[in-house]
Amino acid sequence: MNEQTKLRTIGANLPRKDAQEKVTGAAIFTDDISLPGMLQAKVLRSPHAHARVLRVDASKAQALPGVVAVATRDDFDGMSPFYGYLIKDQAVLATDRVRYIGDMVAAVAAENDATAYQALDLIEVEYEPLPSLPEIATALADDAPELFDGDKPFGVANPYGTGASGYVYPRKNVCYQFDYETGNADAFARCDHVFEDTFTFSRLQHMHLEPFVSVARWTIDELEIWSASQSPFVVRKELARVFAHPENKIRIHVPYIGGGYGAKNACKTEPLAALLARKARRPVRLRFTAEECFLTNTQHASIHRLKTGVMQDGQLIARKSEIFLNSGAYADASPLVAEKAGYRINGSYRWQHIDTKCYCVLTTTAPAGAFRGFGGTQAAWASESQIDMIAHRLGIDPYDIRMKNLLNLNEPYVPAESGIDSDLREGLSLVADRLGYRNRRRRRGRGMGLSVVVKDGGGANKPAHAFVKATTTGGVIVGSGTTEIGQGSTTALTSIAAEVLNCERDRVSLTPVDTHASPYDQGTFASSGVAIMGKAIEIAANKVKREVLAFAAEDLDCDPGDLVLQDWTIRRGNEVHPLAPMIMKHFGGPGFEFVALGYYKLPADHDAPLETKIPYWENGWGGAEVEVDEETGQIRVLQLIISSDFGRAINEGACRGQDEGGAMMGLGQALFETMVYDGDTLLTPSPLHYRVPLASDLPDRFQSILQEQGRGPGPFGTKGGGESGILTVASAIANAVEDAVGVRITDLPITPEKVLAALDRQKADGEA
Amino acid sequence: MDQVEITFLLNGVTQRRMVQPNRVLIDLLRGEFGLLGTKLGCDQAVCGACTVLADGDPVAACATFAFEIDGREVRTIEGLSEDKLHPVQQAFVDNAAFQCGYCTPGMILLAAALLDREPDPDEATIRNWLSANICRCTGYKMIVEAVQQAAAAGRGRGRAK
Chain A
1 MNEQTKLRTI
11 GANLPRKDAQ
21 EKVTGAAIFT
31 DDISLPGMLQ
41 AKVLRSPHAH
51 ARVLRVDASK
61 AQALPGVVAV
71 ATRDDFDGMS
81 PFYGYLIKDQ
91 AVLATDRVRY
101 IGDMVAAVAA
111 ENDATAYQAL
121 DLIEVEYEPL
131 PSLPEIATAL
141 ADDAPELFDG
151 DKPFGVANPY
161 GTGASGYVYP
171 RKNVCYQFDY
181 ETGNADAFAR
191 CDHVFEDTFT
201 FSRLQHMHLE
211 PFVSVARWTI
221 DELEIWSASQ
231 SPFVVRKELA
241 RVFAHPENKI
251 RIHVPYIGGG
261 YGAKNACKTE
271 PLAALLARKA
281 RRPVRLRFTA
291 EECFLTNTQH
301 ASIHRLKTGV
311 MQDGQLIARK
321 SEIFLNSGAY
331 ADASPLVAEK
341 AGYRINGSYR
351 WQHIDTKCYC
361 VLTTTAPAGA
371 FRGFGGTQAA
381 WASESQIDMI
391 AHRLGIDPYD
401 IRMKNLLNLN
411 EPYVPAESGI
421 DSDLREGLSL
431 VADRLGYRNR
441 RRRRGRGMGL
451 SVVVKDGGGA
461 NKPAHAFVKA
471 TTTGGVIVGS
481 GTTEIGQGST
491 TALTSIAAEV
501 LNCERDRVSL
511 TPVDTHASPY
521 DQGTFASSGV
531 AIMGKAIEIA
541 ANKVKREVLA
551 FAAEDLDCDP
561 GDLVLQDWTI
571 RRGNEVHPLA
581 PMIMKHFGGP
591 GFEFVALGYY
601 KLPADHDAPL
611 ETKIPYWENG
621 WGGAEVEVDE
631 ETGQIRVLQL
641 IISSDFGRAI
651 NEGACRGQDE
661 GGAMMGLGQA
671 LFETMVYDGD
681 TLLTPSPLHY
691 RVPLASDLPD
701 RFQSILQEQG
711 RGPGPFGTKG
721 GGESGILTVA
731 SAIANAVEDA
741 VGVRITDLPI
751 TPEKVLAALD
761 RQKADGEA
Chain B
1 MDQVEITFLL
11 NGVTQRRMVQ
21 PNRVLIDLLR
31 GEFGLLGTKL
41 GCDQAVCGAC
51 TVLADGDPVA
61 ACATFAFEID
71 GREVRTIEGL
81 SEDKLHPVQQ
91 AFVDNAAFQC
101 GYCTPGMILL
111 AAALLDREPD
121 PDEATIRNWL
131 SANICRCTGY
141 KMIVEAVQQA
151 AAAGRGRGRA
161 K
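Keeping their order, the protein sequence lines are chains A and B. No gaps in the numbering here: position 495 of the first sequence is 495 in the numbering used here, and each next residue is one more. No gaps in the numbering here: position 107 of the second sequence is 107 in the numbering used here, and each next residue is one more.
These are computed hints drawn from the structure, not numbers from a lab. Using N, Cα and C, we set each Cβ at its ideal position, and we do this for glycine too. A couple of the hints might just be wrong.
For the chain A half of the interface with chain B, some residues (derived, Cβ under 7 Å), not all of them [stated by the list, open to error]: (1) R16; (2) G25; (3) V692; (4) L698.
Simulated coverage check for chain A against chain B, where a stretch passes if three residues somewhere in it have a Cβ under 8 Å from a Cβ of chain B [stated by the list, open to error]: (5) 444-458; (6) 682-688.
Excised from the complex, chain A in its bound form (with noise of 0.2 Å):
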């Protein structure tokens, strides 16, 4: 660890900022707003797969007494009613076709649930039902429909640097295709070994408790909307194109936000809620209930097909991966996820060679999208079961083969990308110790398992935008687009602006997220908060202290070098000037504002990969210790350990709880927590059907150990860390069930059906 100079309010471990709020139950969410007037919608969603949409008739609902307005796709005069990340292909309501159980149709606002859901049951649709493509494999086959025939709906690839290219729609029911490739195929002919293995990943929902919901009213020709998003000017955007609409009379609050995970980015209620609102000439609230949330958004399931070529000894030279994503019936944010899930399949280690393609492919099942770890969750999933099942190939501790292969601190990630900025070896010695994995007695029937991730953090070119004004008093205002999802984000920025104008933090607060008000940011995503846009505030924050320093200085008669500020008054020596007398003096008694505005991006790179080289690494690094119950195929997890270097915790209640909660989610992916489908329809629709962990499932050591390595480029050297925690669980636990009973799950869950299975076969086998 880095010694660190001690600071006033960064890892001084304060409470919370939003804990007063949260604790009493007067925090306010967006399912909390209610305005005059403001109607309920529910919508109408499609019961087939896939079908063609002949009829929409919602006249008799639109008679219904108590219903305000009725929408359907005769409603889109005007406007273009498509929308996505890169690819514009889901429609505010179904236009010609609907693509998977749970499409939008059409969609109701009336002056109650039970009169809009009433509506519901009189709207006629009539179908014409066409084949459906649940799977991946239904969906490539030769003799598959294509789910968007004729043109294709608009869309355009990322900018990509060295290695790395992306196609739209390359191929039949693929919207997305990202391949990245480094070195040279002949490195495969020198290798000692060539493993191939296939993974299968489970698909999770995100099941945040707060659902999808906005409110939104038009006022003349302003649109405003309250809503639980996690980019509002992304959604902004969207709505101005959708609505053609101008982006200054579209409005968008941000409340507390119950929840995300990755779902809450981009247009999810939005657009319904306007043109509902639109229609009916009164504020509407569209609230999606638990079950449509579990329609609306998913986490990607995938299969990935690993060739890896290694020497004898264990260093890892080539691999060759195919990766298969299912994005549901639109792309939403797959592109985005294929460009991270295959960019990130190679692992922390050292290859000579990497050849990666990672496909979107569009299936007959809910949207998929963004998810914590996006798509590195995934990779990790694949590539850290596969470097265990070499290891035991070889011959080779698995704790071993990575610390041989693991790169080196500052060594490029790949070519032409930004070096690693955290200790790996360090990392991970600290997890096995913490676990007891060196000095275990081996004994069947109990094993441990490691893992060790990293992601590219702070997302690829984003810029970060900030305001920090001080009132006459030394009252500090932070303005923000950074939105408080839980991660802490009102904790992190506002102490980052107390450090550096040297004041309590309780003198600092937060403006609310308002896209008139605050400065743009592109969404609070991939672990971005700290790290970049902390950055923002920093900067703004230090030109007000400069600029405070210089105004002092001219009262004075000094130079500003010989002051200091210290909680609004002026330091000279043993002198202390109250700043507030100083500021009237000067301004006059109304007083004064001191305004500067901070902007971060890392410069665009064409040479990097990703078009700019990655801000920072986020790091995981997990272990656990299991019992495998051989009778019954139960795992019970007696030990997890995961860590992560944030650079250095400013809340360290804060990042625990990130890190932990991340844990948690990967440990219910690993043994239980999934989405099950039958063909296209889900079995686990439901919070009452879909099983995520409670606090029964804890293990019975969970620990996690909080690095500050001191080396994120982040204000005070910190990075972000609200992904981390997810990326190595399912992997760790996968690798020490190995451990335990030499028996190998490639598909997730671990259930105990399947280690049963698993633990037959190789009773066969050594029978045999």
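Based on the hints, put chain B in the right spot on chain A.
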């Protein structure tokens, strides 16, 4: 449907209301009394975000009819403390035992009810009891630690009712 008259104690104050027989408690609390600290999550009595205390017992307000609370005492997060935070609330602050905060009022009321019954629960009991509610953010460990702190403070007793 004929309305039903109910009388109940809400956060220490007697309330009398006419309610539809199909009206659920959470709708009454949020809609009629503006007690927005009670959160609607899954609406299936699974997640526990809507937990309130009825005669000291945690109940899912999304799955309790308003008429069922006739003659009973209901406490919501707004009524758990007055000037000073309840020990469980304070422990949640001290341990950062929340993130997005959506499950937090329900979790706090659940924990307060536990400590009311068992002032000194072991960790297994705490884990078991907290398993009634879902927190998707924290990974639970810090919540367990908060409940342990509140219990250790020995101040959880007799306050939840």
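Going down the list of hints, with the structure as the test:
Annotation: R16(A) was flagged as interfacial toward chain B, and the flag holds, the nearest CB pair being 5 Å apart, inside 7 Å. The criterion of a C-beta within 7 Å of any C-beta in chain B is met by G25(A), whose closest approach is roughly 2 Å, and the hint holds. Satisfaction of the interface hint for V692(A) is found here, the shortest Cβ-Cβ separation to chain B being roughly 6 Å, below the 7 Å cut-off. Nearest Cβ of chain B to the Cβ of L698(A): about 6 Å, under the 7 Å cut. The hint holds.
With 0 residues bearing a CB less than 8 Å from a CB of chain B, the region 444-458 of chain A misses the requirement of three and the coverage assertion fails. For the region 682-688 of chain A, the stated coverage by chain B is satisfied: 3 residues place a CB nearer than 8 Å to a CB of that chain, which reaches the threshold of 3.
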